[in-house]
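Quick note, the sequences are listed as chains A and B, same order.
For the first sequence, the positions run 165 to 532 when the working numbering is used.
For the second sequence, the positions run -13 to 339 when the working numbering is used.
None of these hints come from the bench; they were simulated from the model.
Everything numeric in this text was worked out from a predicted model, so none of it was measured.
Where hints are given, some of them may not hold.
Each computed DSSO-like pair below joins lysine-lysine, with the alpha-carbon atoms no more than 30 Å apart [claimed, not checked]:
hint, chain 1, residue 1, chain 2, residue 2
1, B, 314, A, 344
2, B, 332, A, 482
3, B, 146, B, 174
4, A, 332, B, 318
5, B, 22, A, 330
6, A, 344, A, 167
7, A, 332, B, 77
8, B, 312, B, 146
9, A, 344, B, 51
10, B, 146, A, 482
11, B, 33, A, 332
12, B, 103, B, 146
13, A, 330, B, 51
Rough simulated footprint, nothing fancy, chain B against chain A, three-plus residues with beta-carbon under 8 Å [stated by the list, open to error]:
hint, region
14, 296 to 309
15, 370 to 380
16, 391 to 401
17, 422 to 429
18, 462 to 475
Backbone N, C-alpha and C define an ideal beta-carbon position, used for all residues, glycine too.
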Amino acid sequence: MNKKLSKLFWALIAPIAAILFSLIFVSIILMIKGAAPLSTFQLILSYGAESENIIAELNQTIAYYLAGVAAAIGFRMLLFNIGIDGQYRLAIFIAAVVGGATNLPTFLELPLIILTGVVVGALWASIAGYLKVKRNISEVISNIMLNTIASGLIIYLLQPSRLGLKGKNSDNLATPMIPKSGWMPSIHILGGELYSFAFVAIGVGVLYWVVLNKSVFGFNLRATGMSFRAARASGVNAPRMIFITMALSGAIAGLTGMGELLSSTHTYSLAFPTGYALTGLALALLGRNNPIGIAFAAFFWAFLEQAAPILDLNGIPKEIVMMMQGSIILSTVASYEIVKRITRRQQQRLVGAVDAPQVVTEAKGDKA
Amino acid sequence: MQKKTLGRALAGAVAASLALSVVSLNGTAASAAPKKLVGIAFDLGGKEQPGFNQLAYIGFKAFLKTHPGWAEKDLQGNAADTDASRAQRLKLLIAAGANPVVVVGYSYENALKAVAKANPKVKFAIVDDNIAGAKNVEGLLFKAEQGSYLVGAAAALSSKSKSVGFIGGVNIPLIQAFEAGFKAGVAKIDPTIKYQSAYASNPPDFSGFNAPDKGHESALGMFQNGADVVYSAAGSTGQGAHKAAFEQKKWSIGVDADEALYASNAPYKTAILTSALKNVDVGVASFLSDVVANKFTPDAHLFDAANGGVGFTTTGGYLSADIVAKVKALQKQIASGAIVVPTDPKTVTLPQG
């Protein structure tokens, strides 16, 4: 029990220290800019905790969470999936096109749209996976290129002469509207509209945890991530694992933004949100690849971002939010490393106390 | 021992943050709403970057000259924006007491639809879009292709090598209309003129509106490929094209406002042949004045060659009187409807440069 408590203490001390450090850092910046830190934090807290804003934050959390899980899957295999952005945009775009072109009953239409996103995301990511396994090309390079190619492909297909539509007095380009049968209902709660896609996101989190921790596949994945050679030597088909992991990461990336599509816009347009790749990677880092950790990190991110405009409106630079996010990531990474070293030293001392005589005899034996 | 030092460090951190909190007790909480407040919701880029955001802000400044006592609050968009976060921005401006509210860019369309309906007493204007049926929204629509047509004609008349180029910021319909007009203007003067075209980025990457290095590189390539006039409809990316034109002793054409007057373009202003005007500032200022004078009318307001909403500049006198006369004659024909300028660049063909 005592051991468990001490373990929990060491697990929590790192993020708490990171947040404290970040608050102090941001306070200093705020004071340099002539703004009062305490009232700024109060403003962020009170505005972010207004019920309507909480719903907006939760809706944003869904997308961030899925991007975070997609990144975490890659991280477990030491794969840096910076292609989440291209994967998700292409996936949502094709899903919107398929949804706009079909009008099936809801129980078929919704799964069709969602599965299209998953499949497209997985296929697009597996290009990078294939190149990594067969040609030994860094997934970072190929994914950045694939992001650019995805942008080009989407704008080519989104032209009015192809798959897109242009409004009479608007310069926006959009895919045809998904029929009502493909709309996912929102939940009226706290004076807002919560996307019911939240349940899918929760399901993905549970699945991620179960597959990774309770299945042979998950064991092989973690093993390959820890040591490619050792895993290979013990009979794991490591290249195959890399390929599958990349595809899985892309499949989850394909769900990012799906809540927005199914419950809000019902179309993919030039105004669709972007830039989820970097956020996802940051959140996986912050949440330590843990499904619950990423959820907290994602909500925290959305919470801070929601406050940016209210700061702006009160004459406090909104870039404070980005500084807070950045300093939290840096200090988290640093404080986990520090905690890791401290606990390792503690363990070594413990082990040393118990095993010391043996070590001595062994050493003697070696000399002999 | 380890724990002790860590504990000491933690205590220090807590003490430090407490000390900081004590310093900062007087608040900056949301102040009471002033009455005469204009709200502006900017698109990506904001008012610091040359382009329609900045022009909307300049429009407010012009309005302020004739209507002292008004204040302005603005909020800026970002790449991760959803319809919800855009609507949140509009609601915040309204909650701060802003009325009227200027909304910049078509990406706000869905957000504005909902917010305008929920706030019938607030008057809105949206740049480059219109919300049909909304009683409190004015759509500021600009025939940008007409201004581009005029500078296209000016470029064709000024080109000695019979070869011109176009640089677009981002490959979206809004900018394609500029290209279509420019191309048509060139073709009107001489359909055998060689033509090159490039876009600095593809959506959702909107960095092409703020990439002077890319503008420089593209323009340089076009000049080396035989062009002697390049038109950039690309925000501050065009600055790079002006620089390239200055270095190569060729011509560059500006966009939106008279770029020869920009402080940032001062070193290259002798290379700026003319600029295609898209007077977003005039549109915004007239909307604000109309609201104050109780002359607000909803629905689409068209700014074109007929009412001076678009046009071309002659700063520096680099266009000869003969060329200016010819272009002005075309302007009249567009205004009268005798010339209809296309908005799709694919409908105009010129030989590849």
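To see whether the hints hold, each was checked on the structure:
Restraint check: the Cα-Cα separation between residue 314 of chain B and residue 344 of chain A comes to about 51 Å, which exceeds 30 Å; the hinted pair is violated. About 42 Å separates the Cα atoms of residue 332 of chain B and residue 482 of chain A, which puts this hinted pair outside 30 Å; it is violated. For the given pair, residue 146 of chain B sits about 16 Å from residue 174 of chain B by alpha-carbon distance, which is consistent with the 30 Å threshold. Between residue 332 of chain A and residue 318 of chain B, the direct Cα distance comes to roughly 26 Å. Compliance with the 30 Å bound is thereby established for this hinted pair.
As the CA atoms of residue 22 of chain B and residue 330 of chain A are separated by approximately 37 Å, the hinted pair breaks the 30 Å bound. For the given pair, residue 344 of chain A sits about 55 Å from residue 167 of chain A by alpha-carbon distance, which is inconsistent with the 30 Å threshold. Between residue 332 of chain A and residue 77 of chain B the CA atoms are separated by roughly 27 Å; this keeps the pair inside 30 Å, and the hint holds. Distance check on the hinted pair: residue 312 of chain B and residue 146 of chain B sit about 17 Å apart at the alpha-carbon level, within 30 Å; holds.
Of the supplied pair hints, the one linking residue 344 of chain A and residue 51 of chain B is violated, its CA atoms being roughly 50 Å apart against a limit of 30 Å. With a CA separation close to 50 Å, the supplied pair residue 146 of chain B and residue 482 of chain A exceeds the 30 Å bound. Under the criterion of a C-alpha separation no larger than 30 Å, the hint pairing residue 33 of chain B with residue 332 of chain A is consistent with the structure, at around 27 Å. Taken as a hint, the residue 103 of chain B and residue 146 of chain B pair is broken in the structure, with Cα atoms around 55 Å apart against an allowance of 30 Å.
Restraint check: the Cα-Cα separation between residue 330 of chain A and residue 51 of chain B comes to about 38 Å, which exceeds 30 Å; the hinted pair is violated. Coverage of the region 296 to 309 of chain A by chain B is violated in this model, with 0 residues showing a Cβ closer than 8 Å to a Cβ of that chain against a need of three. Coverage of the region 370 to 380 of chain A by chain B is violated in this model, with 0 residues showing a Cβ closer than 8 Å to a Cβ of that chain against a need of three. Note: the region 391 to 401 of chain A has 0 residues with beta-carbon separation from chain B under 8 Å; the three-residue rule is not met and the coverage is violated.
Counting residues of the region 422 to 429 of chain A whose CB lies closer than 8 Å to any CB of chain B gives 3, so the stated coverage by that chain holds, three being the minimum. Figure legend: the region 462 to 475 of chain A, annotated as covered by chain B; annotation consistent (4 residues with Cβ-Cβ distances under 8 Å, at least 3 required).
Violated hints, in rising order: 1, 2, 5, 6, 9, 10, 12, 13, 14, 15, 16; the structure is consistent with all others.
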